[in-house]
Amino acid sequence: MNTVELVIIGGGSAGMAAACGAYEAGVRDILILERDKELGGILLQCIHNGFGLHYYKEELSGPEYAERWEKKIEEYGIAYRLDTMVLDITADKVITYTNTVEGYTKVRAKAIVLAMGCRERTRGAIHIPGFRPAGVWTAGTAQRYLNMEGYLVGRRIFILGSGDIGLIMARRMTLEGAEVLGVAEIMPYSNGLPRNIQQCLRDFEIPLYLSHTVTNVFGKDRVSGIEISQVNQKFEPIAGTEKRFDCDTLLLSVGLIPETQLGQNAGVLLSPKTKGALVNDINETETEGIFSCGNVLHVHDVVDFVSEEGLHTGKNAAAYLQNKLMRAEEANVSAGAGIGYVLPQRVRKTLAEAVTFSFRVTDVKKNAELLVKVDGKVVKSVKKRQMIPAEMERITLKAEELNDLQSELVLEIRED
Amino acid sequence: MEKKFICIVCPMGCELTAETDKQGNLTAVAGNRCKRGESYAEQECKTPMRMLTSTVRIEKALYQRLPVITSASIPKDMIFQVMSEIDRVKIEAPVELRQIIIKNVCGLSADIIASRSMAEVHQ
Amino acid sequence: MIDITIIGAGVMGAAVAYYLSRYNCQVVVLEKENDVAEGTSIANSGIVHSGHDPKPGTLKAKFNVEGNRMYPDLCAHLHVLFKQTGAFVVAVNEEEKQILQVLKEQALDRQIPCQEMDGEAARQIEPNLSDDVIWALSLPTTGVVDPWEITLGMMEEAVLNGCELRLNEKVVAITERPDFYEVTSENNGQISKLQTRYLINCTGVYGDDVYRLLEPELDFFITPRKGQYFVLDNTIAPLVGRPIYPVPSTVGKGILAIPSIHENVLLGPDSEEIKDKENVDTDRARLAFIRQALTKTVKNIPFDKIIRSFAGLRPTPSTGDFIIREEEKHPRFIQVSGIESPGLTAAPAIGKYIADEIIAAATKYGLKTNYQNRRKPLRLAGLSIDEKNKYVQADARFGRIICRCESVSEGEIIDCIHRPVGARTVKAVKKRARPGAGRCQGGFCEPRVVEILARELGISPMEVMFDSQRSPIFVGETKQAKGE
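Residue numbers (the working numbering), protein chains in the order written: chain A, 669 to 1084; chain B, 2 to 124; chain C, 2 to 485.
If you're looking for bench data, these hints aren't it; they were derived computationally from the structure.
Please read all numbers here as calculations on a predicted model, not as lab measurements.
Think of the CB as a built atom: it goes at the ideal place given N, C-alpha and C, for glycine as much as any other residue.
It is possible that some hints are incorrect.
Computed list of lysine-lysine pairs in BS3-like fashion (alpha-carbon distance at most 30 Å, straight line) [said to hold, decoys possible]:
#, chain 1, residue 1, chain 2, residue 2
1, B, K23, A, K725
2, C, K276, A, K902
3, C, K254, C, K276
4, A, K1051, A, K992
Taking CB as the label site, the calculated pair distances span [to be verified]:
#, chain 1, residue 1, chain 2, residue 2, range
5, A, S1075, B, E97, 54 to 60 Å
6, C, F290, B, M2, 52 to 58 Å
7, B, E93, C, A397, 25 to 31 Å
8, A, L750, B, E93, 21 to 27 Å
9, C, A397, A, E954, 33 to 39 Å
10, A, D914, C, A397, 43 to 49 Å
11, B, E97, C, K391, 42 to 48 Å
12, C, Q112, A, E910, 52 to 58 Å
13, C, Q112, A, E904, 37 to 43 Å
14, B, M2, A, D914, 53 to 59 Å
15, C, N25, B, E93, 57 to 63 Å
16, C, E274, A, N900, 28 to 34 Å
17, B, R34, A, E726, 17 to 23 Å
18, C, D119, A, E954, 35 to 41 Å
Now the stretches of chain A that chain C is said to cover, found in silico as 3 or more residues with beta-carbon under 8 Å [stated by the list, open to error]:
#, region
19, 790 to 796
20, 811 to 819
21, 986 to 1000
Take the sequences, apply the hints, and build the full model.
Encoded structure:
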């Protein structure tokens, strides 16, 4: 069995950044395993622009953003395998993968970065009742068909879920000649970025039905229509509010779930909130030497932050491999009032460096204050005009702000 | 006149309120968190401009479609006209990133360019 | 003149075809859908029941007990996955415990192995049994099978031995002639006729309607009885290791937790008599009822691991029992109607009975001397790395995984397309090789399956269907500039 210093599972934005981070920190024996025909991951089908504003200070399309990282991988000479599926990872870091060239192969890694991204929630997971004909897809699957393969999945489209992929697909389908009849969102607010509401829906006069969900699917062979209903505060459909739309397609943009199955095989423990791994401030899981970053760790909405997280993770995986990692006791990080989740869930005490925390609020917060409490004492507070669950927020604490950390760091929201 | 819209310049998504005079010129804007929001509001009141992304048919490549993007934003109400120009194009790999696919599309002083490179694939 | 025509390619039609294919006779199967196992058989619990449950003296009891005994050898012969999991029928009060006694007596009368135990002992074996369970009847000969796979296995071996399967042929008229029947069928508006000596009705919920094409005065009718299910993702520790039955009620065996042969868990079915024989929609209220009803017998159900819900129709006969007979008024018309539960279990026994005791006994058809066994489906799951690599060396495409949730390689998908009764649709591939059956429900693999189907069948992706002939995946290609 071959041994590789660092194996990175997934060659999307997180995996490529992790590889670059590790390379820049001096690791040379790196192997990226990617299941698709090219590096780049989901960015390759996200042909819209808006990527890179934070990281490159310019606005790029998904494929161009991916290409910049891919060029770096080539430039560094980092090894990768395409069309390669990882089937298993063990706690002692033996990876089983397969492709058409090497067949079923085992490789031992000294460290692993999990960067498999996420998958889309399906109709089954949210129990949409009705018939089960052709014509129901997750938005991402329809996006791949449309943007990479050039096939139109329908001409009269209804979209459930106002996540960004759903909004982007509303515009893309419209541009390619389909009619988008509406977008329904079960929450009383949109789950996508506000600017996508403007440029994907309002620009094309596509109605958005907030507090609505799909309550029936018609058609035995191919979708012939759907029914939506308004929901109450418990998200239960309200009888009498049904509206029927005659359409041939229902697209779902109802959430993303970290693709953690492989990590679970290796005994990586998961957070019930993020559905991704529990990690410390260097994104190391509870299994030593197995790291996690990107959408498999928690679902992001801006790729630039995925890249940053990947670089940070790769750099620390390098430190782990080089025995340069400063080990210390770890304190818990938890989500207080108004916070849905916060990452990392653990942070090393006595740190010499700043730590960036990522979090999401539980619901829309206006003119609220974000508090950081170290062992019960507020060490930092930031006023925010608005925070919404659809946008991942970040806050960076300097090393000195974490000096007194003994047992627990809590993020919470104070509202007026 | 008062107009409300969401700024699309960055993911922040500021909700802008713009005041315009009778000629449609911006007189005041509120809700923006940066300078770029102000110039966006000005443009949006005059001629809303959008970047357009789509695909063109490509042969001898890994996939059958090449993603393309406008090199600069174009007037919103020209989007469908530009789309029908894009729909006509058929090219062959190899293509370089940012290679011009349609020069000065519809006379709008913007090009349609490749938003990725695609190598030639021998079937 | 065809010797025998079977209408319907569900598990029942497949079983009849399979047992007939051993004889020297010409068999044709007419199926109105685009694949086998598309009606009652597509939405089935997949349990090979022990035979403890049906009322004494019924055909259900007779064929269930016989079918259960046939399954292990039949599945081994056809290379169909089968697991004798055993099952528990569980009681949550004294009244139910009394009913378990009756079931036990019934089982013993039929020489079905069984064993009683108290709730504590049962929970030792099935830790997720509800704390309310006070008594359990263990039925070790119960098993689980994939209803699609057994249907396909039998039909494929029948086809390999000369049986002709005609898909998308809907029977629209049956005329009785002195020595034969003339059967008219329609395929996309195209009418065909065939002449057949025997005609066998295996049409599930349409059993009465098809018979009515020949006989205006029916002595039975079929009511579609809908059952809805949830599917749980396959997790490291399955919820239950064997089917868990509640104590049966008047409307059937009740709502079960069933470990599928593919290590998912099925929850269901409920029972609802409906009118529309095409109505397989699910509804919120019924699904909520299933969740609630199950908590009586099983605890710790991971409802957040649900990956799909579906509904199927059972053909419930007005007679209360299977209707298996050669019609007196219509010689050589064989009725196989009302095959509701335990139909999957009973199907091989019924098929064998019809082939051997009705048809061969009357016709004296001889047995084939050149009988062909079905080739084992190529299945890499469960093999060692070295064994898998032998496949890869023969064809590199066994090294390319198309479905990550269920670990299905391209080679396995190609095999299921090119076999007898090969897959032609996305759904047919799912039924044979399982891409799309896992937690992502085809989100990742469907584009690849469409591509493979188009390439292997030599058709355009535009022509690839999801399931029926009326279920295209795509409505068009992009960039079809106006005027081109």
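Hint by hint, here is what the structure shows:
1. B:K23 - A:K725: Since the Cα atoms of K23 of chain B and K725 of chain A sit roughly 36 Å apart, the hinted pair is violated (cutoff 30 Å).
2. C:K276 - A:K902: violated (33 Å)
3. C:K254 - C:K276: Holds - the C-alpha atoms of K276 of chain C and K254 of chain C are around 21 Å apart, at most 30 Å.
4. A:K1051 - A:K992: violated (37 Å)
5. A:S1075 - B:E97: 54 to 60 Å: Given a distance of about 56 Å, which is inside 54 to 60 Å, the answer is holds.
6. C:F290 - B:M2: 52 to 58 Å: The hinted range 52 to 58 Å holds for F290 of chain C and M2 of chain B, with Cβ atoms some 56 Å apart.
7. B:E93 - C:A397: 25 to 31 Å: holds (28 Å)
8. A:L750 - B:E93: 21 to 27 Å: Distance hint for L750 of chain A, E93 of chain B holds at roughly 23 Å.
9. C:A397 - A:E954: 33 to 39 Å: Given range 33 to 39 Å: holds, Cβ gap about 38 Å.
10. A:D914 - C:A397: 43 to 49 Å: Distance hint for D914 of chain A, A397 of chain C holds at roughly 46 Å.
11. B:E97 - C:K391: 42 to 48 Å: Given range 42 to 48 Å: holds, Cβ gap about 43 Å.
12. C:Q112 - A:E910: 52 to 58 Å: holds (55 Å)
13. C:Q112 - A:E904: 37 to 43 Å: violated (51 Å)
14. B:M2 - A:D914: 53 to 59 Å: violated (37 Å)
15. C:N25 - B:E93: 57 to 63 Å: For E93 of chain B against N25 of chain C, whose Cβ atoms are near 59 Å apart, the range 57 to 63 Å holds.
16. C:E274 - A:N900: 28 to 34 Å: holds (31 Å)
17. B:R34 - A:E726: 17 to 23 Å: Since the Cβ atoms of R34 of chain B and E726 of chain A sit about 19 Å apart, the hinted range of 17 to 23 Å holds.
18. C:D119 - A:E954: 35 to 41 Å: holds (40 Å)
19. 790 to 796: holds (count 5)
20. 811 to 819: holds (count 6)
21. 986 to 1000: n = 0 at 8 Å, threshold three: violated.
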